[in-house]
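Protein sequences, first through last, are from chains A and S.
FYI, the numbering for the first sequence is 95 to 394, going by the working numbering.
FYI, the numbering for the second sequence is 21 to 360, going by the working numbering.
Source of the hints: derived by calculation from the structure; they are not laboratory data.
Each hint should be verified, as a subset may be incorrect.
Said to hold, decoys possible - Facing chain A, according to a computed beta carbon distance under 10 Å, are these residues of chain S, among others:
1. Asn93
2. Phe132
3. His297
What the hints assert, rightly or not - For lysine-lysine, the following BS3-like pairs were computed, each having C-alpha atoms within a straight-line distance of at most 30 Å:
4. S:Lys157 to A:Lys185
5. A:Lys230 to S:Lys319
6. S:Lys319 to S:Lys284
7. S:Lys174 to S:Lys157
8. S:Lys284 to A:Lys230
Cβ coordinates follow ideal geometry from the N, Cα and C atoms, glycine included.
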Amino acid sequence: MSGAATTATAPGEGGGFDGIDRLGGMALWRRQVGGILRLELRKVLFSRRALIGWGLAAAPVFLLVARMVALLLSGGEGFTHGLPSLMQEEKDYAVVYQTLILRLSLFFGCAAIFLGLIRGEVNERSLHYYLLAPLKREVLIGGKFLGGWIGAFALFGLSTLATRLPMLAFAPTDATRAMMSAPWLPNTLTYVGITALACLGYGAVFLIVGLARFNPIIPTLVLFGWESINIFLPAVLKQLSVIYYLTSLCPVPLDLGPVAILSTPVPALVAILGLLALTAVLLAWAMRGARRLEVDYGEE
Amino acid sequence: MSARNGHAAPGDHAPDNLAPDAHAADLRETIVIKNVSKFYGEILGVNRVNLIIRPGVTSLVGPNGSGKTTLMNLLSGLLQPTRGEINVLGVPVADAERLGRRVGYCTQVDSFPSGMTGYDFVYGFLRVGGFGPADAKARAWSAIERVDLVDAAKRKVAGYSKGMRQRIKLAGAISHGPRALILDEPMNGLDPMARAEMAALFQALAAEGHFVIVSSHILHEVDTLSDAVVVINHGYVLAEGDIHDVRGAMDADHPTGILIRCDKPGLLARHAFEYDHVIEARLHDDGQGLLVRTRDAEKFFRALGEIALTADLTIDSVTPADDDVEAVYRYLIGTSGETT
């Protein structure tokens, strides 16, 4: 150890933060959030933990590509009218998106990513790394949530986009023209937008669950059950779920069959504002809770 | 300084004049722990702790589970007190941002965010704290250089030895230039050379005006390293202050032992018993010295000069036999520090 080397900073009231203090609130928070994003994005996208997210994002893509290949190879045999049309594919895609993507891969992907923000750090005994850093707990939570959201949206936005591509094989003329026109382009943008909102809504819910001291698996499964039975719930209870607002935004409605309890979808603006408001409330709650966040890995 | 020997109710330990002292002291120049308790549900972490810590090296000693880490976690803001107040250089521990600027904590926890190199660990911490890329880079290298880990800085922490992990944690703790350093068992896993270097680093930091709060099981290192010591057990502070003062305060129950090497130990013993404060005088096993136990070491040292003149003794050396942390530990906690 080098006793002769210069100290990192001279001791003093301001320590090494005199320059930082001159930045002012917002500029400092931007820097701190930037520092958190660096670490979070690496964890969410490029760590071993990220494999779960990548796997869940890739699963529907593989499924739809495999289906497309099977259909093309069979020449549409077994299909009522030969190869499906693009319009027919939109209907099938709506089923895949609302069941497989929203209710399974995106739900559990967000659970893996957003539970990992706090709970994952506790399990890996690394939360103290963040809590010892000189920043407000609110900024820490905001930065982590933003990192989680960017990572989740990068994975599942890309996944949503990729799952929209196989249907272009059934475009009436060429795929490029179909990409640039209705219904593919506006529907694709809508689905990507819904994915972004889903990452926000589910992300905020799982951030809160991850902050609690109890095992997050049980509340996650309860939430999964609640979201899954949403179509069978009366209209009043439907509103107490994230999936209701997300499916209200979907461009192609599903035929839910005879057992589902139908209710009028909420207007798009209400759904969007509702999800944003839910996110804001949960995030504020998480920030407030983080002020009392304690770390004790039980080494004594 | 004060010491308690287990005769009073535990938890009563408090510098009697804490409140006036705390008020008199400049809060920005001290760490003040005032009537702090921490419970984990119904389990006691620490109870009714009152301390004023000043610049220099302060060692926390106590057996495993005594509350050392809890106290350190409270000082660093990782835990919040159930009761009481902690002010670190004028900042309450609930204020995470301002506290983080003043405190660097090298935890006992030996885990790191996954996939990081040593440099990433320090650099990332500084970036999260708000340092710009260039500043963070310079500070990270400066801290890494200070703990002598430059060559390994770009390697993954997962591949580090225990000693290297200790050093990179220390680099992280000092990187942002905090005034107070809290180091939980920082010597663990270090070889003797590295321990000596680390001890020298702590003393250098203390000499620069830092607060260095260290917990350690190695009592003879604590002895040579510390300006003050806090003895803690079962969540209660049993004694705190300068080690020799702490030892002195225990003289009534545990008379100080003094080893005198001289040419006529038997004659010395006969003269020593003429003084009321001497309660035991025993020839050393090698026959070349006398071990005296006295309730007042100062009086005995004065008396020793007179005895030497009167009895015409040739005294080779006079050394305290138990004026150290180990003795304090043994008397207060009842076991040898080495076993903890």
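Pair hint outcome, Lys157 of chain S versus Lys185 of chain A [Cα-Cα no greater than 30 Å]: With a Cα-Cα distance of about 54 Å, the restraint between Lys157 of chain S and Lys185 of chain A is violated, given a limit of 30 Å.
Hint status (Cβ of Phe132 of chain S to nearest Cβ of chain A, threshold 10 Å): 6 Å, holds
Restraint check for Lys319 of chain S with Lys284 of chain S, where alpha carbons must lie at most 30 Å apart: 21 Å, holds
Proposed proximity, Lys319 of chain S with Lys230 of chain A (alpha carbon, max 30 Å): 56 Å, violated
Interface hint for Asn93 of chain S, Cβ within 10 Å of any Cβ on chain A: With a minimum Cβ separation of about 7 Å from chain A (threshold 10 Å), the hint on Asn93 of chain S holds.
Proposed proximity, Lys230 of chain A with Lys284 of chain S (alpha carbon, max 30 Å): Violated. Lys284 of chain S to Lys230 of chain A sits at ~69 Å, over the 30 Å cutoff.
Given hint Lys157 of chain S paired with Lys174 of chain S - CA-CA distance at most 30 Å: 13 Å, holds
Evaluation of the interface hint that places His297 of chain S against chain A, nearest CB under 10 Å: With a minimum Cβ separation of about 40 Å from chain A (threshold 10 Å), the hint on His297 of chain S is violated.
Against the hints set out earlier in the document, violations occur for numbers 3, 4, 5 and 8.
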